[in-house]
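Student: Here is what each chain is made of, one letter per residue.
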Amino acid sequence: MSTSSSPIVLMFLLATCSGALQAQAPAVVSLSGPSQLRLGGTGQYSALVNGVSGAVVWSVNGYAGGAGSSGPISTSGFYTPALSIFAGHSVTISAATVATPVSSASLSVKILNPLPTITAGSVTQTAPGTSFVLTVSGSGFVSASQLQLAGVNTATTFLSSTELQSSLNLAAGTTSITVGVLNPDAAQKSAVTQTMTVQTIPPVSLAQATRLLDQSTFGPTLGAVQSVQQMGVAAYLNQQFATPTTRMPAIPNPPVTICPNGTFACAQSSFWKIALTGNDQLRQRVAFALSEIFVVSTDMVNARTIPSYQNLLADDAFGNFSQLVNDVATSPAMGAYLNMLNSNAAPAGQIANENFARELMQLFTTGLYLLNADGSLQLNGQGMPQPVYSQTQVQAYARALTGWTYANASGGVPTSFPNGVPNFDQPMRAIEVAHDMSAKALLSGVTLPAGQTAEQDLSGVIDSIFNHPNVGPFVGRQLIQHLVTGNPSPAYVGRVAAVFANDGSGVRGDMKAVITAILTDPEARAADSDPTAAGGHLREPILYFTGILRALQFTNVDPQGRYDGASNYTAPLGETPYAAGSVFNFFPPSYVIPGSAINAPEFAQENTAAATLRMTLADSIVRNHLTSFSIDMSPTSFLGQIASATGNPATDSANLVTALNILFTHAQMAPTLQSAIAANAALLPDIGQRVRVSTWLVISSNFYKIEQ
Amino acid sequence: MGYNRRSFIQYASMAAGGSLVGLRPFGALNAFAQTAPASGYKALVCVFLFGGNDANNTLVPTDTAGYDNYATLRGPLALPQSQLIQLASLPQYGLHGSLPEIAQLVDSGAAALIANVGTLVAPTTRANVTAQLNLPSNLFSHSDQQLQWQNAAQSATTSTGWAGRMSDLLGSSFNPSASIPMITTVAGDTLFCDGQSTTPLAVSPGNLSGVSCGEGAAECGVRQAIAQSFLSFASGLNLVQADNAISQNAARYAGVLTQAVSSVAPLATVFPANNPFATQLQQIAQLMQVRNSFGVNRQIFFAGVGNFDTHADQAGQQSLLLGQVSSAMSAFYQATQELGIANEVTTFTMSDFSRTLQPNSNSGSDHGWGSHHIVLGGAVRGAKLYGTYPTLALGGPDDSDVNGRWIPTTSTVQYAATLASWFGVSAAQLNTIFPSLGAFSSANLGFV
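Those protein sequences? They're chains A and B, same order as listed. Going left to right, the first sequence walks through residues 25 to 732 as the numbering used here numbers them. Going left to right, the second sequence walks through residues 9 to 456 as the numbering used here numbers them.
If you are wondering where the hints come from, they were derived from the structure by calculation, not from laboratory data. Do not rely on the hints blindly, as some may be mistaken.
[Said to hold, decoys possible] One side only, chain A facing chain B, incomplete, derived with CB under 10 angstroms:
1) Pro411
2) Gln450
3) Gly605
4) Ala706
5) Leu707
6) Asn726
[To be verified] Partner residues aside, some chain B positions facing chain A, computed with beta carbon under 7 angstroms:
7) Ser212
8) Gly314
9) Ser449
10) Asn452
Beta carbons are placed, not taken as given, at the ideal position from N, Cα and C, and that holds for glycine.
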């Protein structure tokens, strides 16, 4: 950019005389243009020869046409300073005559930095309670640009001509700051400023970290607790959302290597291994919750269908719900379990198999009755609930879902129906001749016209269900029940259902948004700071087992690396992975504790027998009597070291109880109970026994069994 | 003094406003009960067939016309007549081929068959069903129908089982000095066993010893005492308190159970192996063997068998399951004979529903309604078929639609009330426990 200029002109005057020889007078060159230019800008210079514009040779710093180090000047005097020129230095622009004798004129031009602008900026923490990062976007930034905080220079990192960054330490409670940018050698009168809001990451307490981990994994570990506290809740969730699926390997027939003892054992072993050790804990925990809604059971289906089923639940856990329904419907596992596999268009005298059609609606998506957005029943004028679907509609869905069979070996459409060669790993495919071609009147006003293909009908089936307003509250409520609390308030359900309906970007069924809403809802987080807040749920046997093993840093000592031994301990309590007794899962979502109004699904399996068995299981664990697993409760274990570190029994016992309190009871165990455990522990000189008894008292207590 | 429906509701709300279940596990102390302690011993044993057993293939017409009609309508699901077991006591009927022991028990008079039992608000007709008038809710939903069989009410919202209500009303008066509840389950806690203030003793078959502990007698005692003290710590947390109640009961019963079975000699009766249902009944038999240690005069037991939901490939699955049921129930009856209480124990089946007479295209059947059931025991007036066998006609007078889902002609309420009467419940008390009983013509079907 040019500034006001004061042209410097040099002129040569030549005298003339009459008479014999006349010598030629030198031309007079005059030059005008800006005497200051900014890097990133240009300048237009003009020259007159004897007062008339004409061709001249332009030079910069003596180089005709300019040079790499100075920047080019065109034949019409258009000059672009090289960006490599140090701001504050000058260049000399010259114009010289073409004709000899050469006359020229020069101009000294000072090169300045651009003037910076700020278009946007943010001040955010990278982790709770530590430093902030200031990021400023704008234009005209140079490597020497200086960020200022309230007029004071701060160390500046030049990222690009449009972005600067700085690390800041701010006083606690700072909510906004004023940031300035000043370029040296820019003749900038004053810094250009902008005020920005400070975005803090709230610190994560032990209670919050452990509760969140209990809700989003198969059990907290000390390392995970520290990690969540260091990175903050949002960053933790982002990390988990970005973690890819730990895949369950396919089970060949006959089973080899993985576990030679049968396909059921293979599926079990893979499930436990992933749950106990997988990095994608949130994904797998959600997949587990989905497996308790979209139930399939090896009671009735070949266990070789399980890996592809487990993998689709894990993959789709962070996708869209409509995709999940599609993938479940076409899975060989669900096909075999609820008979969509090989369900034929019914000949005269028979009806289409209703099993999947009914449970798809009743259990997996809409439920039996029309719901308000908060999950409460819609009642008619007589105060009665209203069914979502009729028996006739069940038959219609049953007909719509006919024609599907195993894919061929490469996943394509087989040559005949039914396909007698099972493909347990890839989605089912349809054979049109086995598909019912009649029209079907479905939910949501959807009527499938006659003559559609099986795929078209499936798509229509899913549309009619996915868009039904019941789905958000019905499925959302069950996900809340599996992850957070069995008895959510209608308001909580309503908030989650709203996110299911619209994730904020107009998308329905966004699972990541729904999961985030569930875990970050104020009701999910209430007990972080108030241990008496109502809610929570009984740890079901599978989660009880994984929670304890993960916390106690178990190791697998099975000679074949098998994990299915875990099922021996949860089966007597009513749960074997992927082996629920019916499509209603191990416990129904509607279960209410008898004599109360408390919806507590997991209590359906809690009775005097189960309570006793859990205490016995806790004893087996602390005595390290588990097959395939080693639980180190010795004096050299991590708990043993805590329990003996100082040599003072009272101190060591208190520290042991503190550690157990963090691992198992969210650092919220009542002091009276802590004292009781510690007082007893201090009386036990045998460190191993001190650890065993104290751990048993915690993990067998209802304060651990109930995840508050 | 009779109780009408209003007083029952008042009673129920009084009990509900009281303490959480488990703190009074043996039934509310009912100021209105005027029942003497029961004399002698009687036990009801409920066997629930989860999933909806196909009764159409359980009890089959064997007269020529009847069988031909059945075979035509059932198509690929029809059982060949040669595979049916012709009942000597019921010349026009045969049982599924996997029920030989049941057939013998029926013919010997130890068992009876009850036809076309199902959930009903009141006796109803095909026209009413078509018009959807006055029907039980969610007729073809597993969960709803299971609950309605167990609560002998017509909606899943009744939150007590009929055994639970019997225990609420009569548990403490029938069993004034019992150390365990009137109801014991060997198949997990279900609605059947739950009353307003009653929770059952739940037993894991074969696992009657209490909590294991390897710390030596002294420290084990200390450990247990500390754990017990936690159970009465007032945290104000609902779920913890609810679990505390269960845990307190568990501790109380564990001692009683361990003591009772510690020196008992095994029964001579051999129960079938590889039959989890038989293991359940064997556990019940053992508990009956030591009943005197519990101080019980009246007991109700709950056992269950799953996987009856045969939407596909019904033939093999049903054969397997019915075979297990038959051999297990027969061994159990033998055990009661060995214990000398065969006349004092009445075992009865229940199931969500029967299944469509019309098969589906997967060699299976879908959810039906009225079903046939077995009642077994020395007191049963056996060798008979009670109730009315449905007319096997698709879209016929007994069909609720066109697929052969039979409208029940006997209600679950009448079925349960008959058993309760035998058990010792008075006529007046029956109306309290079964509020809708008056809608039906007969409160006692006479089979026991």
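Student: Give a verdict on every hint.
Tutor: Results of checking the hints against the structure:
For A/Pro411, the interface hint holds, the least distance from its beta-carbon to any beta-carbon of chain B being 8 angstroms, beneath 10 angstroms. Nearest Cβ of chain B to the Cβ of A/Gln450: about 21 angstroms, over the 10 angstroms cut. The hint is violated. At a threshold of 10 angstroms, the smallest CB-CB gap from A/Gly605 to chain B is about 5 angstroms, leaving the interface hint in force. Checking A/Ala706 against chain B by beta carbon gives a least distance of about 13 angstroms; that is not within 10 angstroms, so the hint is violated.
Checking A/Leu707 against chain B: minimum C-beta separation of about 8 angstroms stays under 10 angstroms; hint holds. Among the interface hints, the one on A/Asn726 holds; its C-beta lies about 4 angstroms from the nearest C-beta in chain B, closer than the 10 angstroms criterion. Taking 7 angstroms as the C-beta cut-off, the interface hint given for B/Ser212 holds, the closest approach to chain A being about 4 angstroms. Look at B/Gly314: its Cβ gets to within about 5 angstroms of chain A, closer than 7 angstroms, so that hint holds up.
At a threshold of 7 angstroms, the smallest CB-CB gap from B/Ser449 to chain A is about 27 angstroms, leaving the interface hint violated. Taking 7 angstroms as the C-beta contact cut-off toward chain A, the hint placing B/Asn452 at the interface is violated, the least distance being around 29 angstroms.
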